[in-house]
Amino acid sequence: MVSVGAMGPLVRLAGAAIGYGRPLLQAIDLEVAPGDFLAVVGPNGGGKTTLLRTLLGSLAPLGGRREAAPSLRVGYVPQREAVDPLWPLSAGDVVLMGRVRRAGPGRRLGSADRERARHALERVGLADLWRRPFQKLSGGQRQRTLIARALAAEPDLLALDEPTSGMDPAAELSAMDLLRDLHQGGLAVVMVSHRLEAVANYAARLAFADQERGLWQVGTLAEMLRPEALSALYGRPVTVREENGRRFVYPEAGGGRAA
Amino acid sequence: MGGLAGFWEARDIWRDPLLASLLAGALLGFLGVYVVLRRTVFVSAALTQLATLGIIVALLAQERLGVEVEHPAVQLAVALGFSVAGALLLGTLEAGRRLPTEAGVGMAYVVAGALVILGANRLIHAAHDLNSMVFGNAVAVPFEDVLVLAGVTLLSAAVHTVFQKEIVFVSFDRETAQAMGLDGRLWSGVLFLTVGLAIPVSARALGALPVFAFLTIPAAAALLVTSRLRPAFAVAAVLGLVAAGGGYVLSWFWQVPTGPTMVALAAIFTVPGAVLRIARGA
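Protein chains in written order, with numbering that gives the first Met the number 0: chain A, 0 to 258; chain B, 0 to 281.
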């Protein structure tokens, strides 16, 4: 058995049952290694966010166990809708929150924290928006600001919950390109999405989750894009085609489920 | 002797109540920014009811059971117990799978409100005092209450200065704060502990109605005129202080109930911000 941390996985679920009170998905074995890029795909309400929360330790597994590297630092990006735009905060204020844990309780954020936060905002291409009110940012800019906040924590693992939800195609591609660049820079990335096509060109590994049918599968991109695996997810025959170097997913019409 | 000279002559009467009003106005105005931004206005309403219920329980225990709670400090301790317990419970509630948090807060509010009315109905000797407790009439405030209020204000100021970044992060985005290693329940608990302490000590001085108003109106007025968080806290505290102090003085001169005068003055402070927003089309 590989130990968690050191050169082993960053975080691991072993035989885990996940859910709130009653299990949504069971017998989950999942490891996230340094430099990994895992996308969890499934329908809305399929248990993806519950899985992510369990993986990050926000929610205790109902059965089995979760192990994490002792010094694991997580940068988390919630669904955009989860962040209240009512708060009178600038983009810089939001990014600085990523430094709170590192500074520790009762200690003020210093110039080094501001420098890191500014650098994080620069990495997501929003260096000029430090003072812009968060509530006045576009949807795509808000998402990038939330990613910058996660990066400001200098994480080992970047976890994102539906980061492209509600985005137009151009903004979605832009956000996914940013995640690819961060991953290529050595960061481990775990994201959940209900759109397979959004992640099929970026992730190194895929997991399919659908609590309604008790579906849990995880594997490499090649394994998971096989017609049999995709049919299990969509509940209908599925074709994957490559056009201009990009993969497109075509479920057959009639019946089945969205993913 | 009337007018300003008469007012100054009577300073021994109004000094402590005015001081208590100023402290409570500033404290509640500051805390109200969190209350409004966290969309927990009805948590503060429920806590105000719970604090009043605590006082009624103490009075009933004295009248019906002969328990010695006549000393104001004992009554305040019971009210604090109700308020702090309610604050820690309601302020740290997380949305459940079956019921939203608002359902729990709403139930606490109406049940506490109903028990206040039922309890007041059974009071014999202290029924008269209850009216000023609920609607506010900060005419006479013992100096001991001013000291307690000053202590709670200093404690809250210290907590919110030292732990502001944790409390703001958890209040703004609890899910992310928890995922990134902060204890959401702990920091929400710290925030609502200060709210739970502030409500009963302020309610003893101002009454329940002004307390609920000062946890809402100055913050709303501040958020209408400022676009940054730190200035919003400062403006809300100043507006709370001015509305409480100004309301007290006006009620003295106009010979009208103190609490409602404070609330009416605070409400006027929302006008500039509202006009500004309408002018900007926001």
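It should be emphasised that the hints constitute simulated quantities derived from the structure, not laboratory data.
We treat Cβ as the ideally placed atom computed from N, Cα and C, and that holds for glycine.
Any given hint could be a false lead.
[To be verified] So the derived list for chain B, only partly shown, Cβ under 8 Å to chain A, looks like this:
{"id": "1", "residue": "161"}
{"id": "2", "residue": "224"}
{"id": "3", "residue": "225"}
[To be verified] Covered stretches of chain B (in silico footprint by chain A; criterion: 3 or more residues with CB under 8 Å from a CB of chain A, positions within the stretch not fixed):
{"id": "4", "region": "6-15"}
{"id": "5", "region": "167-180"}
Any hints from earlier that this structure breaks? Give me their numbers in increasing order, please. 2, 4
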